[in-house]
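Residue numbers (numbering that gives the first Met the number 0), protein chains in the order written: chain U, 0 to 355; chain X, 0 to 355.
Derived by calculation from the structure, the hints in this document are not laboratory data.
It is possible that some hints are incorrect.
Which copy is meant is left open, because identical chains are indistinguishable; a pair holds if it fits in one copy or across any two.
Claimed, not checked - In the EDC-like style, the derived pairs of lysine to aspartate or glutamate whose C-alpha atoms are separated by at most 20 Å in a straight line are:
id : residue 1 : residue 2
1  : K318      : D335
2  : K192      : D179
3  : K350      : E303
4  : K318      : E353
5  : K318      : D334
Number of protein chains: 2
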Amino acid sequence: MTLQTENNHLVIMAGGVGSRFWPMSTPELPKQFVDVLGCGKTLIQMTMERFAEVVPADNVWVVTNACYAAIVREQLPQMPADHILLEPCRRNTAPCIAYVSWRIKALDPKANIVVSPSDHIVMDVAEFRRVVSSSLQFASETDAIVTLGMKATRPETGYGYIQTDLSTPCARNREMYRVDSFREKPDLVTAQKYVAQNNFFWNAGIFVWNVGTIVNALRIYQPQLSEIFEQLLPYYGTEREQELIDERFPQCENISIDYAVLEKADEIFCFPASFGWSDLGTWGSLYDNKPRDAQGNVLIGNVECHDSHNCVVHCTQEKRVIIQGLEGYIVAEHDDALLICRLSEEQQIRKFTEGK
Amino acid sequence: MTLQTENNHLVIMAGGVGSRFWPMSTPELPKQFVDVLGCGKTLIQMTMERFAEVVPADNVWVVTNACYAAIVREQLPQMPADHILLEPCRRNTAPCIAYVSWRIKALDPKANIVVSPSDHIVMDVAEFRRVVSSSLQFASETDAIVTLGMKATRPETGYGYIQTDLSTPCARNREMYRVDSFREKPDLVTAQKYVAQNNFFWNAGIFVWNVGTIVNALRIYQPQLSEIFEQLLPYYGTEREQELIDERFPQCENISIDYAVLEKADEIFCFPASFGWSDLGTWGSLYDNKPRDAQGNVLIGNVECHDSHNCVVHCTQEKRVIIQGLEGYIVAEHDDALLICRLSEEQQIRKFTEGK
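Excised from the complex, chain U in its bound form (with noise of 0.2 Å):
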């Protein structure tokens, strides 16, 4: 079957600066844009490539912050330069896909939506183009807004939980069930609970609609973000539009998509996937993401170990690093900064660099 893809879009969501991961990632280049696994390409090359056959590259769109956008056009040579879209300011995921909408409904009103977040992996790249496929298929023939839910394989805190109805799947795709309801990041016992149902699987950011759906679900729920976005119709693709969106992006309320549309709307599907997924949030979904040696460490970079167990190490090709006697450690050199930080430590590195 060949699919119809002229009318998909990808949106990549690379605004984040990927504090957890310093000193790999730093605000002048997060780890979106750097090679975190060391296999040539980074996070955000990844991401567009992931989406090849299902999202032709002139329909891929990135929103990033201004100071990103050389980097996006160094790396992503393949999309239209115009189709970075820059945010003056840090707003959360809502006034950023109210901006890309409006865009994309400017100059595609039949689009198909797939939004991303430009810095997490996915194992299975086939499985994961035939759910987007899928997903993306759906949301041409209905009004719906489709999360893809990720199979909950531990009690994880750090996640939001979508609560799925199973009893019925959706007659036009039987892959999709309706959403009782999002949960934000649980505490351990919550987290728990959830896991040992099965109708309880993470949120990965991944959204799928077509235009007219997310621009009338902002619409009705946020009214205000809406207005900002549609009193710029006459101008998106035009040269005035940077300088407007300068003016007014800053007015926007900074609120994530989740808390302004996810949860307030009735038509929202869940496709509950497995494509071994991981948000790349933390040094330590790094070490759970990479094939260790028989040590145990996961060393990316000209690295050399001795006497040293589960480790995950990140430097650049330039540096020789040699390591002994370390048990469970993060060590990541990064340009300026050097971090050793045991991996069961990790959540103090935000800590180690605010402020500076």
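Position chain X relative to chain U; hints supplied.
Below, chain X alone, put in the same frame as chain U:
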């Protein structure tokens, strides 16, 4: 008393490669050329400074490998550039001392010479100057070979020892004692025996003699070696000097001055001294010789420690370093290399870097 210093000469031996201090010390920039203590001066700069008021800058000589000529000129601009003698290859201390001795003799037959390593540290510089001045005075009046003996405060197996006859001080300088024998680096049991007696001192490799004494001793005990430098007498200070040294120096036997002369000669005196000396040969000795913070850490560079104790960290100022949860480690970062190693395992460092 104003001391006569115009015939005092200082020879700094700076040909070492400091492999036990990797990666702070590299073959490209060995530790004598590095600001090891983080005080803004390199070890060779501190060495030259230590002899101020005892030896005029115009009488300072450095013998080093040809590849370090530019570094010495840059780091010691006060000394005459043509006093930097360049060995085309490494041949231990006897050829080095023979070369510089004939070279000085050609210029100043009345020279009194103190020979010093370039990479040691001294805490009490005033006492050091007193001891060296006194030794130079003694050497100017006698045909004695003087070695400085460091009070052995622990059974160190990394140093050679000087066995001294403490029964009768020298009549001319009552701080000087005859040397009975030189002992090579002992095993631990032997070292403990030495320390238990009070007539064994560490051989710091600091020698004092007048130029006639050392030249004569070399002629007697190392006639072949002496012949090489004797033949070059017409060329010292001329354009042909380097060319002839490059040709002849490789023919010299690889032998230390201790073996070549000191163990054979009669008129050897030891000046037992205490001025807070360390050869700074290992990370452990740096740890022992720098003030520690309340957590027992020696931190050189822009280093921030959390829950860490008894570490020695040496990084460049440009690097922001954050350490968490380390106990008793060396962390050393330098240009293109990073080492993390237990202090207790530092003897492995040489092995790590062999053949690279």
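Taking the hints in turn, this is what the structure says about them:
Taking the shortest alpha-carbon separations for K318 and D335, both the intra-copy value of 12 Å and the inter-copy value of 5 Å come in at or below 20 Å. For the identical chains of this complex, K192 and D179 are intra-copy neighbours only, at 16 Å inside a copy versus 82 Å across copies, given an alpha-carbon limit of 20 Å. In this homomeric assembly, K350 and E303 come within 20 Å of each other (Cα to Cα) only across copies, at 12 Å, whereas the closest approach inside a single copy is 29 Å. In this homomeric assembly, K318 and E353 come within 20 Å of each other (Cα to Cα) only across copies, at 17 Å, whereas the closest approach inside a single copy is 26 Å.
When the C-alpha separation of K318 and D334 is checked against a cutoff of 20 Å, the pair qualifies both within a copy, at 10 Å, and between copies, at 8 Å.
Comparing the model with each earlier hint shows no violations; every hint is respected.
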